[in-house]
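> Chain order of the listed sequences is A and B. Quick note: the first sequence uses the UniProt record's numbering, first residue 1, plus one each step. Quick note: the second sequence uses the UniProt record's numbering, first residue 1, plus one each step.
Incorrect hints may appear among the rest.
Put simply, identical chains are the same to the list, so a pair is met inside one copy or across any two.
What the hints assert, rightly or not - Below, simulated PhoX-like cross-link-like pairs (lysine-lysine); rule was C-alpha separation at most 25 Å, straight line:
| id | residue 1 | residue 2 |
| --- | --- | --- |
| 1 | K296 | K24 |
| 2 | K359 | K307 |
| 3 | K24 | K307 |
| 4 | K69 | K257 |
| 5 | K359 | K326 |
| 6 | K24 | K187 |
| 7 | K24 | K257 |
| 8 | K307 | K257 |
| 9 | K359 | K257 |
| 10 | K69 | K261 |
| 11 | K307 | K69 |
| 12 | K257 | K396 |
| 13 | K88 | K396 |
| 14 | K324 | K187 |
| 15 | K199 | K261 |
| 16 | K47 | K187 |
| 17 | K47 | K69 |
| 18 | K261 | K24 |
| 19 | K324 | K69 |
| 20 | K396 | K47 |
| 21 | K326 | K187 |
| 22 | K296 | K261 |
| 23 | K296 | K187 |
| 24 | K187 | K69 |
| 25 | K296 | K88 |
| 26 | K24 | K47 |
| 27 | K324 | K88 |
Keep in mind the hints are simulated off the structure, nothing from the lab. If you're wondering where the values come from, they're calculated on a predicted model, not measured in any experiment.
Number of protein chains: 2
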Amino acid sequence: MNFHLVSIFPQYFESPLSSGLMGKAVETGLVSLDHVDVRQFAGGVHKSVDDRPFGGGPGMLLKLDPMIKALDSIDSPGRIMMLSPRGKPLTQARARALSAEEDITLICGRYEGIDERLLDLYPIELVSVGDFVLNGGEAGAVCLVESVARLLPGFMGHEDSGEEESFSAGLLEYPHYTRPDAHEGLKVPAVLRSGDHGKIATWRRECSLTATLNDRPDMLPEASLTVEDIDFLRTLPRTRLGRNLYIALCHYPVVNKFGEKVAVSVTNLDLHDMARVARSYGLGGFYATTPIEDQKAMADTILTHWKQGAGSLANPDRAEAFSKVKVFDDIEAAVLDIEAQTGQCPRLAATSARLDRRKNAEPALTYGDVQSWLANSPVLLIFGTGHGLAEEVLSKTDGVLRPVRYLDDYNHLSVRSAVAIIVDRLVADEY
Amino acid sequence: MNFHLVSIFPQYFESPLSSGLMGKAVETGLVSLDHVDVRQFAGGVHKSVDDRPFGGGPGMLLKLDPMIKALDSIDSPGRIMMLSPRGKPLTQARARALSAEEDITLICGRYEGIDERLLDLYPIELVSVGDFVLNGGEAGAVCLVESVARLLPGFMGHEDSGEEESFSAGLLEYPHYTRPDAHEGLKVPAVLRSGDHGKIATWRRECSLTATLNDRPDMLPEASLTVEDIDFLRTLPRTRLGRNLYIALCHYPVVNKFGEKVAVSVTNLDLHDMARVARSYGLGGFYATTPIEDQKAMADTILTHWKQGAGSLANPDRAEAFSKVKVFDDIEAAVLDIEAQTGQCPRLAATSARLDRRKNAEPALTYGDVQSWLANSPVLLIFGTGHGLAEEVLSKTDGVLRPVRYLDDYNHLSVRSAVAIIVDRLVADEY
């Protein structure tokens with residue numbers, strides 16, 4: 001397999017690509033490295049490869065002409081790729097696909113980057129090794145060359161080790177131990193010395209599941225999990241971000257479709273659906289707020305029916321869900337209740353289906369903003385009935401969450417749907 | 001700033017860390033590199049650093065003893081980090097935080113990895129440069145050293161370039177151009193030569209937004225976006241995965257809480273909430289299925305009221321939502337309707353609140369599985385009323401989606417909530 005490395009620092013690659021197994025693969029000819037030195041294609045006395053950007057801004061750019069000449073000098077470039085933070089991330093699956101290629105050309109940018117027209121002139125795939133900034137593409141190119149080359153048959157000396165456990169099933173690898181079997185009281189787990197291969201396989205699978213849950217829970221949704229895996233994961237202790245999240249459904253003051261301040265009736269199904277979300281996601285609580293006495297009385301009748309009455313006997317799950325629900329006059333009362341329970345003043349986030357277009361409005365909160373609050377304090381997330389929360393509620397919150405469908409013209413979800421989606425986005429990944 | 005590089009291949013770092021600005025930073029003493037060669041701490045005639053893993057499996061491990069001696073040889077190790085696919089990903093924010101440290105020790109594993117007990121003996125933070133496998137930690141260490149060192153004051157020679165545009169606002173960088181202003185008909189955008197700094201800034205912002213939407217839409221939810229940014233994004237063409245997604249609410253055959261096959265009544269609010277989700281997410285359509293004639297008649301009355309009757313005048317948004325709804329006898333009829341519309345046979349995915357515990361049951365579908373279907377063909381996602389879909393419906397599908405709260409004991413969401421959450425998870429990221 002041939003790697004054509006297009007760079008103004010060809011010497012960058014010398015030591016990393018000659019160390020260890022990589023060096024051996026180059027020696028045996030399994031991998032060939034073609035260093036294309038861009039500077040050799042630069043014109044002028046100074047062999048200058050860079051120039052200032054049009055439109056101003058810091059730093060220099062790699063000029064078009066030497067890059068074009070460098071690329072055209074490669075007889076058989078194969079797939080042309082460029083390391084760039086703009087690229088699609090390098091993954092093990094992508095490395096595997098690339099290992100089937102005969103030739104790969106890797107363009108390494110430097111300075112502020114390249115002249116964009118290079119992308120118009122060649123079919124260049126952008127690839128990123130991560131969301132961090134480097135001095136140039138060379139370090140990423142080393143990662144790409146290593147990750148691809150080591151998957152070539154013969155690279156590892158034996159056949160089965162190129163594809164590690166890591167990522168192969170979408171889980172992190174289990175821990176390894178070697179001699180001595182005891183070091184200052186730290187012993188190798190007995191199961192690994194038992195000789196029982198079934199037990200060892202189970203132990204390793206469980207370690208992989210535990211490590212993934214603890215260190216990379218974001219990998220779990222796409223991991224291939226059996227029912228046994230899920231049953232094991234359920235036994236593990238987990239962070240419960242949801243415990244800090246409280247939701248409120250505000251029935252007054254809200255606005256109607258003419259923007260007038262109104263009160264909206266409490267409805268049975270809103271209470272049911274939101275209580276079930278609150279219980280399913282392990283939230284701190286759910287408040288329905290209305291100052292109207294007969295509405296509160298009706299809500300209490302519903303709650304009592306399901307918590308203690310005939311409903312609780314027919315449907316104990318529903319009784320459990322309604323145990324999370326309280327009916328109060330207003331948001332202030334809900335805030336006091338959270339303070340009484342937790343000893344902390346909650347942060348308040350409003351929700352809205354519309355962008356806040358008021359002049360000097362703060363940018364909308366992102367889900368990440370609210371998640372970072374949840375890590376440290378209780379958060380009360382306020383939903384409006386009718387056509388949304390009145391200004392006097394909005395102005396008392398710490399911000400308004402970005403609307404669910406903020407890029408679309410149509411955003412008319414029911415409040416029940418909005419609650420389900422927003423709670424899921426905020427705390428689904430807690431695991 | 002001192003980097004202590006613990007590795008069995010100290011020579012690996014030679015060329016990358018002596019090239020370009022990095023080399024200059026080492027020369028001037030801004031960065032000092034302390035190469036800790038693990039092999040020098042190995043005992044025995046062969047200075048062996050590796051051994052076989054307990055419990056079997058491919059490859060070799062780095063032995064505990066030389067690693068301990070190597071670490072203990074460092075006078076002032078500072079934060080001790082190890083490159084590992086198990087680590088938390090390196091990000092620009094993390095690089096920035098690390099650039100405030102005086103000392104950083106980086107442990108580079110090799111072979112299958114290290115003896116896990118090393119993590120019990122030292123406070124080691126694991127860090128990953130990406131979801132791909134390398135020959136060892138050295139390539140990742142180069143990335144970390146580069147990304148951190150370049151943020152040190154003085155590294156870039158001028159102050160403003162260490163923190164690039166990339167990632168600083170959570171968006172990809174805009175394109176750059178330099179001389180010549182025309183190359184074979186490819187011109188530099190006129191705005192960049194206009195001298196109008198306001199227009200240039202707007203153009204660059206819009207390019208960043210466009211690049212992020214096209215290449216890294218996963219970054220948008222956490223990007224800091226103004227109302228103007230969002231209004232601009234709304235004008236851009238977008239992939240619409242949702243167009244291929246159809247949802248069905250099945251009222252027969254479903255099971256009751258005793259597992260018996262029953263029919264459930266069509267309810268007004270299920271139709272409303274699901275129609276609104278279907279329209280808000282731009283889905284292909286929503287089918288309510290029941291073979292019972294008076295139920296179909298009632299559903300038709302509701303639909304007609306909102307699509308053509310008094311409801312459509314009072315609430316045109318709702319008329320638009322209901323335009324997505326059709327009432328059919330059964331899932332087979334919905335499938336035929338999708339085939340007639342698209343010319344393609346849809347793939348069928350069932351949903352369930354419970355894990356499929358039948359012997360030989362296929363592993364549950366992940367959201368990624370269904371997303372990959374959506375890229376190529378229509379998909380009909382089937383929701384059950386009552387206590388879930390009957391076996392005869394499940395058995396005709398291509399798989400059952402993993403339950404929404406699969407790690408929790410309580411999973412009693414309303415079907416309205418489940419629809420909202422599952423549709424959001426499947427197509428929210430389409431943008």
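> Find the hints from earlier in the document that the structure breaks and name them by number, from lowest to highest.
1, 2, 3, 4, 5, 6, 7, 10, 11, 13, 14, 15, 18, 19, 20, 21, 23, 25 and 27
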